[in-house]
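Hey, can you piece these two chains together into the complex? The hints should help.
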Amino acid sequence: METDEAKKTGRPQIITRLREILEPWVSDADLLDDITERTNMIAELGLDSIGILQVVIGAEKTFGISISDRELDSDTFAMMGNFVSLVQKKIYENN
Amino acid sequence: MRIIDLLRISAANRPRTIGVKSTSAEISYGQMLADVEQLSEQLRSAGCSRGTKVAVVLDNCAEYLVSFFAISAAEGTILPLSTRMTPYEVVRLIERADVSIVITGERCGKRLSIAMGDSLSVTLLNIRYDAAGKLMADATKGQPVRADEHNSDVALMVPTSGTTGVPKIVMLTDDNLLSNMAVYRLLMGFEGRQVVYCGLSLHHIYCICAQILTHISRGDTFVLTGRPFFIRDFLKSVHREAVTASAFVPSMAILLAEYPEPQEFDLASLKYITLSGAKTPRSTYEMLTRRYPATRFINTYGMSEAGSRISIAAPFPQHYPVDSVGRPMPGVSVRIADESEYDLPANCPGEILVNSSGVMKGYYKQPDLTAQTVVDGWLKTGDIGKLDEHRNLFILGRIKDTIVTGGENVCPFEIEECLIEHPAIREVAVVAKTDRLLQEVPCAFIVKKDGEQYPTDADIKKFCKVRLSSHKVPRFVRFLEQLPKLEASKIDRNSLRKVADTLH
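As given, the protein sequences belong to chains A and B, one line each in that order.
Read in my numbering, the first sequence has 35 at position 35, and its numbers run on one by one without any break.
Position in the second sequence (from 1) plus 95 gives the number in my numbering.
Derived by calculation from the structure, the hints in this document are not laboratory data.
Treat each hint with caution, since some may be false.
What the hints assert, rightly or not - A few chain B residues that face chain A, going by a derived Cβ cut-off under 7 Å, partial list only:
| id | residue |
| --- | --- |
| 1 | L350 |
| 2 | P355 |
| 3 | R430 |
Said to hold, decoys possible - Derived pair list, reagent style BS3-like, types lysine-lysine, alpha-carbon separation capped at 30 Å:
| id | chain 1 | residue 1 | chain 2 | residue 2 |
| --- | --- | --- | --- | --- |
| 4 | B | K543 | A | K61 |
| 5 | B | K543 | A | K90 |
| 6 | B | K543 | B | K580 |
| 7 | B | K556 | B | K475 |
Don't be surprised by glycine CBs; every beta carbon is placed ideally from N, CA and C.
For reference, chain B alone in the conformation it holds in the complex (with noise of 0.2 Å):
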């Protein structure tokens, strides 16, 4: 079974169901399942076949779900990616992971043509829904289309932040992702037709798993705005279109805990959200479940290494400890390790360690990192955790220097390497500030060259802002004569750590 049957399922069984409503079009799952039939035939005229690589550079729009789906039925391999992701950011991965496809809309595919140039020659596919609400897509043809039969299999790629600058691109197979999305939508239970309001990028494996493929499974209805996050625009459509289950990370539970009066809207029909990404807050969960009593909080933990989710506060109604993230999936086995891999009792803080089907095939073309990754099966997460007495799973913190920023990780050494590329910098460390809202962001400390002037603040983020993300862009900045050091040269961070902290 690959994933695009989940959808062929969902329109034999509910074809006039409306299965997106977007701001380009509304449509039903048996239009849903013809346009993807299309655009997929497109796809085999421009030379897809099994294990070409195609990009998805889309914001949360129908276009967005049609490619995902029409790329399984060309039996390609779906890499998704965010649009806030800079064109040089793009363009790197689209190399790393040897794209052939781009599936994307105009604006940015504009963007794309430019920061491409003659280097890089892979097919546009510029897709829109017209006025009609007729798929529209235009080719524009590169080089000849690769297939890749050794990771043919290879059903979706995800690129993952690194422990070094140079970006991961998990491999996930269709029995990775459709293993672990079954008994997840089993514990989550959900009773009825579901209104799904997709307030994350879709191109988040969280969202994949979570909101994707467990809501097509069931032919439910997604509510996607392709806009930024607000949290009123979120009230409002709980309000309007009756939505019933969606997908935080912590920033948005946040805002949704301290929404001033959240009353004058009627939203009664929420049922379930799901948190994951980082650890939310107990005191915004304690809010929620105050403020919000009839909407089931539900604390997840997953990474995309791990084919996505790996504990659950669920089914209900048991009791999970407000600081967990609930228990170990049926079929996904959990340990708690010292640094010698030996397990470790109960409650006592080790790294966390995963075996399951949804465990990756692994990191695409670096067989040695998915060799120290995946020993004897067992996916060392990098993050540290304990088991209860009851198998509830805490999480700690992480051996990484990660940093966790709205429920993106971001690899700190990708901010240096952008930043020492600075004509006025000589050496650069970036480290993780607390942040209420956000949980971390990225503070960065810098020595500048002799002889230079200082760069202002506003120069730096300009500087950044040009190759990276926003969330990766440095919130705060701070020149010091020298960074603090450790043995061998190595940078303290930890001591940065807490300067960052004490930074306003």
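Chain A extracted, bound-state conformation (with noise of 0.2 Å):
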């Protein structure tokens, strides 16, 4: 069951804060204005092993959840949605 907390982070409520998290690593700050979930992170934002790494422990940080190396490979990160989907999953696990 939901829980308040987690109803409060919605997919959009992720989006827009790993938009934030994002900011500082991709190669183009401009192309942050039109992500959506299908974004491929790696081909179109430019992020790299550095920035997905920072992504990863932002997202630990903001969401207070914590991300296995089990669950990251190439096509965590070929669309937002995938990340997000892992980032929902895992708020809602510590809920």
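Okay, structure coming up:
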């Protein structure tokens, strides 16, 4: 059952927070204006290994979650929606 | 002999063997050589001749390997550049290295064209494999292409972090590279055909020697993804493609050592992982050998100026201390010297000096710096180390202020030069902060200008990211009233390093 906290952190809210986390690490900050769930975070936003590491650390801190290396591969970042789903799943598990 | 000859020999011996499996193409050695010859003809048509500098700005892909060898076939000089670099960094190096032709892909090509504007005119060659596996190359002609008879023997130019913000470019000849690779390959003693996973960017000199030259000369198969490194992707590739060998830096080794349940993958094929770029923590090394008993983890030490490899913990099954980087390779003389360059006895720490046929021709257009770095044939590495009584080499630190992060060397002054351009910053010092995964990360201490607002942490990072590669962007930013100084107004970097290590 969804808790109040989990409900407050819906997908649009997660994307808004991720946009802030992503901003210093994308090749062109203007690209963030048009991000959707289908945005490829590697090919389109140009995230490299360091950028991905910072986004994962940033998401862990922001949402109070812990993400294992078992849950991360290139498919996770092939679409923004995949990473959002992972974050959402982790928030639910925490609650 | 030139490096292109390695491919020619392998293609003659194994024309049907798959040379590269990448997201864009899967090509045999026979096709790879045909594509290399086609691209080298296009390079010659574009004006490439002896000593013409040709930059390659591509991810790890089949097109990268084809470009690498096509430049050698066209007698040009290869300048491999990371796609992680910002257009600003690429343009700076293109200017500094007198590059005439840039081989790149569509996305990078567009960014570069915008960054170069009208100020710099090079010939851009966009290449890609189409869906039918045919190599396509479109040239946008720039200014006339330059030859360089004076440096016509230079096969490869490698940018390396300087002791100042000015980039240094190491010049290596075919002889440097081939002599070094031949000994390395012999010591590794690979058994049977290898399937090689390239998780690091192939512009690294480590990968150029330990992967490209070594495995092309053996006719082995490369698995290239062109994506950032994920340990789970690596394990999936080992399982699916029966990967046998790879080259790691310590951050990758830590991820592998700590991966929660590797037994979900079949890793029986994985025999060789070399470790270089920085010192792998002892605990990580021990965890690796315990958790992956079928794999050999081989410490090796090298640098661009040495034509790559200096020492290696091979051949097997000799014993090497876990903390060492093996012994100097045959043909590579290593001395440990004090500040006056007198030899020190066994187990005494001093600067590591190297003499071998792999030592660079010099730094491009920096004869004074070359003369200071290579003295009477001995390369001053700037690293502190010791040799024990069995000639095992141990790396203990470095003389320079270089930050080593995730296997990349970063000059703090380059980051400082970037930050000082920020309108609110009066003074800045960048130092290394210890990091569990990446060994070190840049940490910036900033004094703001009077009357200016404090920029936010995110502002500083964004400002840097436009100009610098991600790994150079300070991970930590702290504002101070003033920087601690030693005599002669020199910044006290040691005390800043101590402060940096307390930050979270």
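Here is what the structure says about each hint:
For the restraint placing B/L350 at the interface with chain A, the shortest Cβ-Cβ distance is roughly 6 Å, inside the 7 Å limit, so the hint holds. Nearest Cβ of chain A to the Cβ of B/P355: about 5 Å, under the 7 Å cut. The hint holds. Taking 7 Å as the C-beta contact cut-off toward chain A, the hint placing B/R430 at the interface is violated, the least distance being around 36 Å. A distance of roughly 28 Å separates the Cα atoms of B/K543 and A/K61; the hinted pair therefore holds under the 30 Å criterion.
Using a Cα cut-off of 30 Å, the hinted pair B/K543 and A/K90 is violated, with the two alpha carbons roughly 40 Å apart. Taking the CA atoms of B/K543 and B/K580, the gap is near 17 Å; set against the 30 Å cutoff, the hint holds. This hinted pair does not check out: B/K556 and B/K475 have alpha carbons roughly 34 Å apart, beyond 30 Å.
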